[in-house]
Amino acid sequence: MLRLFLHRLAVSVPLLVLVSAVTFILQALIPGDPARTLLGVNASQEQYLELRQALNLDAPFLTRYWDYLSGVLQGNLGESIFTSIPVITSVLQRLPVTLTLMAGSAILAAAIGIVLGVWSATRGRAVSKAVDALSMVGFALPNFWLGLVLVSIFAISLPIFPATGFTSFDDDPAAWLMCLVLPWAALALHGIAAIGKVTRDSMKTTLDMDYIRTLRAAGVKRRSLVWKHALKNSGVPVLTMTGLTMIHFLSGTVLVENVFALPGLGTLAVNSINNHDTPVTQGVVLTFTVLVIVVNLAVDMAYTVLNPKVRLS
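Under the working numbering, the residues of the sequence shown are numbered 1 to 313, in order.
Hints listed in this document are in silico derivations from the structure and should not be mistaken for laboratory results. Quantities reported herein were computed from a predicted structural model and do not represent experimental measurements. We put the CB at the ideal spot given by N, CA and C, even for glycine.
In the DSS-like style, the derived pairs of lysine-lysine whose C-alpha atoms are separated by at most 30 Å in a straight line are:
{"hint": "1", "residue 1": "232", "residue 2": "221"}
{"hint": "2", "residue 1": "129", "residue 2": "204"}
{"hint": "3", "residue 1": "232", "residue 2": "204"}
{"hint": "4", "residue 1": "129", "residue 2": "228"}
{"hint": "5", "residue 1": "204", "residue 2": "221"}
{"hint": "6", "residue 1": "129", "residue 2": "221"}
{"hint": "7", "residue 1": "129", "residue 2": "232"}
{"hint": "8", "residue 1": "204", "residue 2": "228"}
Label-pair distances were calculated between CB atoms; the ranges are:
{"hint": "9", "residue 1": "7", "residue 2": "126", "range": "42 to 52 Å"}
{"hint": "10", "residue 1": "66", "residue 2": "30", "range": "13 to 23 Å"}
{"hint": "11", "residue 1": "126", "residue 2": "210", "range": "21 to 31 Å"}
{"hint": "12", "residue 1": "304", "residue 2": "66", "range": "35 to 45 Å"}
{"hint": "13", "residue 1": "107", "residue 2": "251", "range": "13 to 23 Å"}
{"hint": "14", "residue 1": "251", "residue 2": "5", "range": "17 to 27 Å"}
Between the sequences and the hints, there should be enough to build the whole structure, so can you do that?
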């Protein structure tokens, strides 16, 4: 297992370098100039050139990228062009909000999706068709649109939850939970649909296997047969889909955080892109990439628990 972990970790290093290079190139291609944005339209040409030199924007592209990469290898992600706050500080301040949003949505999606999938696999065609319909709706509805609908219904028409904003758990746990219910729901629907469908299909295949018939003939109770034996042996595709769903949630947080005005990495990314704040954009993208790597590593480690053949290979 340790060898598998180290191998996956080593493969991830070139990915981080590639992502940083692509992000740097795309950021350079975006129309606009950070120096002009900082100074405004009334600044003189001399002020403009001085600021570009101070920000190292007049250096060749490859030189700027190498300077940035050298700093990253030393643990320095640079400073924001606009606020002069270290990028690592901004990322660490906002990371807990994004992780809370992603983790809560993943737990909600996995719990409801697995229950729906098992239920539809054991309760007949009517329930199975209902899960298919839910899957189609979940795949079709964009999470930002669903967020706006939820705000319109449950924050404006029925003022149950706050429409926007975020309260820290340390300040008020109840308010913290209330401000996250709608974002969790908006982000989780796609995951519920995907996990529910995969669980249903995998469970149906497992329940038709010979060893399940043998256990049933031996008098094993239905609840134990379904939840202990069949679900465990259906776990690999369900785990795969859960991991893919969590990665999908990372991109979804960018939109959902902006809809609900949550101070996470998603809103930080949008603001930095609009302001051409390249160091902050790079820091957010690298953080998202690291989170994707961590999710994939966690899924790989979980595979070894569900399927010993992976560990032996």
